[in-house]
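Colleague: Heads up, the sequence shown is in numbering that gives the first Met the number 0, so the first residue is 0 and it goes up one at a time.
Keep in mind the hints are simulated off the structure, nothing from the lab.
No residue lacks a Cβ here, since even glycine has one placed at the ideal position from N, Cα and C.
Fair warning: there could be bad hints in the mix.
Claimed, not checked - Pairs of lysine-lysine, DSS-like flavour, derived with a Cα cap of 25 Å:
1) K231 to K186
2) K17 to K90
3) K33 to K236
4) K195 to K236
5) K231 to K17
6) K186 to K73
7) K33 to K182
8) K114 to K17
9) K236 to K182
10) K114 to K231
11) K195 to K182
12) K90 to K33
13) K17 to K195
14) K182 to K231
15) K33 to K17
16) K231 to K195
17) K73 to K114
Stated by the list, open to error - Simulated restraints on C-beta separations:
18) L15 to F237: 22 to 28 Å
19) S183 to P79: 27 to 33 Å
20) Q96 to D174: 45 to 51 Å
21) E202 to L95: 30 to 36 Å
22) A119 to G232: 40 to 46 Å
23) R35 to D174: 34 to 40 Å
24) A175 to H57: 36 to 42 Å
25) N172 to A101: 23 to 29 Å
26) K33 to I12: 26 to 32 Å
27) E151 to A101: 18 to 24 Å
28) P32 to P79: 41 to 47 Å
29) I12 to N48: 30 to 36 Å
30) E151 to Q96: 30 to 36 Å
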Amino acid sequence: MMPVLFVGHGHPINALQKNTFTSALNRAAADLPKPRAILVISAHWLTRNRVVVSAAEHPNTIYDFGPFHPDIFKIVYDAPGSPELARRAAKIVHSLQVGISATRGLDHGAWTILKHLFPAADVPVFQLSIDFARPPRFHYDLGRELLPLRAEGVLIIGSGNIVHNLMRITWDNADAPTENWAKSFDKTVAEFLMNKNHDGLIEYDRLEFAEDAVPTNDHYLPMLYAIALQEKGESVKFIHEGFQYANISMRCFRIG
0 MMPVLFVGHG
10 HPINALQKNT
20 FTSALNRAAA
30 DLPKPRAILV
40 ISAHWLTRNR
50 VVVSAAEHPN
60 TIYDFGPFHP
70 DIFKIVYDAP
80 GSPELARRAA
90 KIVHSLQVGI
100 SATRGLDHGA
110 WTILKHLFPA
120 ADVPVFQLSI
130 DFARPPRFHY
140 DLGRELLPLR
150 AEGVLIIGSG
160 NIVHNLMRIT
170 WDNADAPTEN
180 WAKSFDKTVA
190 EFLMNKNHDG
200 LIEYDRLEFA
210 EDAVPTNDHY
220 LPMLYAIALQ
230 EKGESVKFIH
240 EGFQYANISM
250 RCFRIG
């Protein structure tokens, strides 16, 4: 059974950097079995009233962010796609019809982390969109339907951030001190993860500081896909924890 990852991807500039976060990804990759393919569910592919899987044979690298260091636009993550497994993923979902895109590339929620996890870009990659019109429980249930892929050698990665509020970060200082509300919410989520309190994680809006930590849930939802794939007897192992730019939680974990 292939493990599952949740990666707090943070700022795209991490693709260029060597820091505690990227070093943690390097170490995590060394402990992973070689996957047949990788499915990334990223905060940066949002759809409304539909779910789409990417089936490009050669997905392009999407630079879906503002003006940053020019070197970041020179990165090309040239992994092949997996049209066969993308269609397989669509087929095993019975609760709705999953659309298929033959042209969608890899957004930065995928390639900025894969650059550190699989720098050789030799594992096929495909993505599943997040239907942003749906409630959290929908995403958890949909994630559960993807479980057969784990047994078929697919590494499923949720890519987002547990605490992500662009109005409460310090853009010019990655090491700025973290505010207590962000620490508190991140700690509560970590405790729920360790205790397998999935209902509490789905109903995150009941938690203290949820309005500050998750003003919009695009970056939180990928975590629900990851925990939905947790089998009985499997525990969560944190592979990195900490913050960047004051209040972006960079917590990452592995299941299995």
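Colleague: With reference to the structure, classify each hint as holding or not holding.
Modeller: Quick rundown of the hints versus the structure:
1. For the suggested pair K231 and K186, the alpha carbons sit about 23 Å apart, so the restraint of at most 25 Å is met.
2. Distance hint between K17 and K90 is unfulfilled; the C-alpha atoms sit about 39 Å from each other, more than 25 Å.
3. Of the pairs offered as hints, the one joining K33 and K236 holds, with about 19 Å between alpha carbons and a cut-off of 25 Å not exceeded.
4. A distance of roughly 12 Å separates the Cα atoms of K195 and K236; the hinted pair therefore holds under the 25 Å criterion.
5. Taken as a hint, the K231 and K17 pair is broken in the structure, with Cα atoms around 35 Å apart against an allowance of 25 Å.
6. As the CA atoms of K186 and K73 are separated by approximately 37 Å, the hinted pair breaks the 25 Å bound.
7. Proposed proximity of K33 and K182 is contradicted: the alpha carbons are some 34 Å apart, above 25 Å.
8. The suggested pairing of K114 with K17 holds, with an alpha-carbon distance near 12 Å, which does not exceed 25 Å.
9. As the CA atoms of K236 and K182 are separated by approximately 19 Å, the hinted pair is consistent with the 25 Å bound.
10. Of the supplied pair hints, the one linking K114 and K231 is violated, its CA atoms being roughly 31 Å apart against a limit of 25 Å.
11. Simply put, K195 and K182 have alpha-carbon atoms about 20 Å apart, close enough for the 25 Å limit, and the pair holds.
12. Between K90 and K33 the alpha-carbon distance is near 24 Å, which keeps this suggested pair within the 25 Å criterion.
13. Distance hint between K17 and K195 is unfulfilled; the C-alpha atoms sit about 32 Å from each other, more than 25 Å.
14. Of the pairs offered as hints, the one joining K182 and K231 is violated, with about 29 Å between alpha carbons and a cut-off of 25 Å exceeded.
15. Under the criterion of a C-alpha separation no larger than 25 Å, the hint pairing K33 with K17 is consistent with the structure, at around 23 Å.
16. Under the criterion of a C-alpha separation no larger than 25 Å, the hint pairing K231 with K195 is consistent with the structure, at around 10 Å.
17. Between K73 and K114, the direct Cα distance comes to roughly 13 Å. Compliance with the 25 Å bound is thereby established for this hinted pair.
18. The given range of 22 to 28 Å is respected by L15 and F237, whose C-beta atoms sit roughly 25 Å from each other.
19. Take S183 and P79: their Cβ atoms lie about 42 Å apart, and the range 27 to 33 Å is violated.
20. Distance hint check for Q96 and D174: the Cβ-Cβ separation is about 46 Å, which falls inside the suggested range of 45 to 51 Å.
21. In this structure the hint that E202 and L95 lie 30 to 36 Å apart at CB is violated, the actual value being about 22 Å.
22. A beta carbon spacing of about 32 Å between A119 and G232 contradicts the range 40 to 46 Å that was offered as a hint.
23. Take R35 and D174: their Cβ atoms lie about 38 Å apart, and the range 34 to 40 Å holds.
24. Restraint check, A175 to H57: a C-beta distance of roughly 39 Å satisfies the suggested window 36 to 42 Å.
25. Under the hint 23 to 29 Å, the C-beta atoms of N172 and A101, about 42 Å apart, miss the expected range.
26. For K33 and I12, the Cβ-Cβ distance of about 28 Å falls inside the hinted range of 26 to 32 Å, so the restraint holds.
27. Remark: the range hint 18 to 24 Å for E151 to A101 is upheld by a beta-carbon distance near 22 Å.
28. The beta-carbon spacing between P32 and P79, approximately 19 Å, falls outside the hinted interval of 41 to 47 Å.
29. Taken as a hint, the range 30 to 36 Å holds for the pair I12 and N48, whose Cβ atoms sit roughly 33 Å apart.
30. Taking 30 to 36 Å as the suggested C-beta distance range, the pair E151 and Q96 does not conform, at roughly 21 Å.
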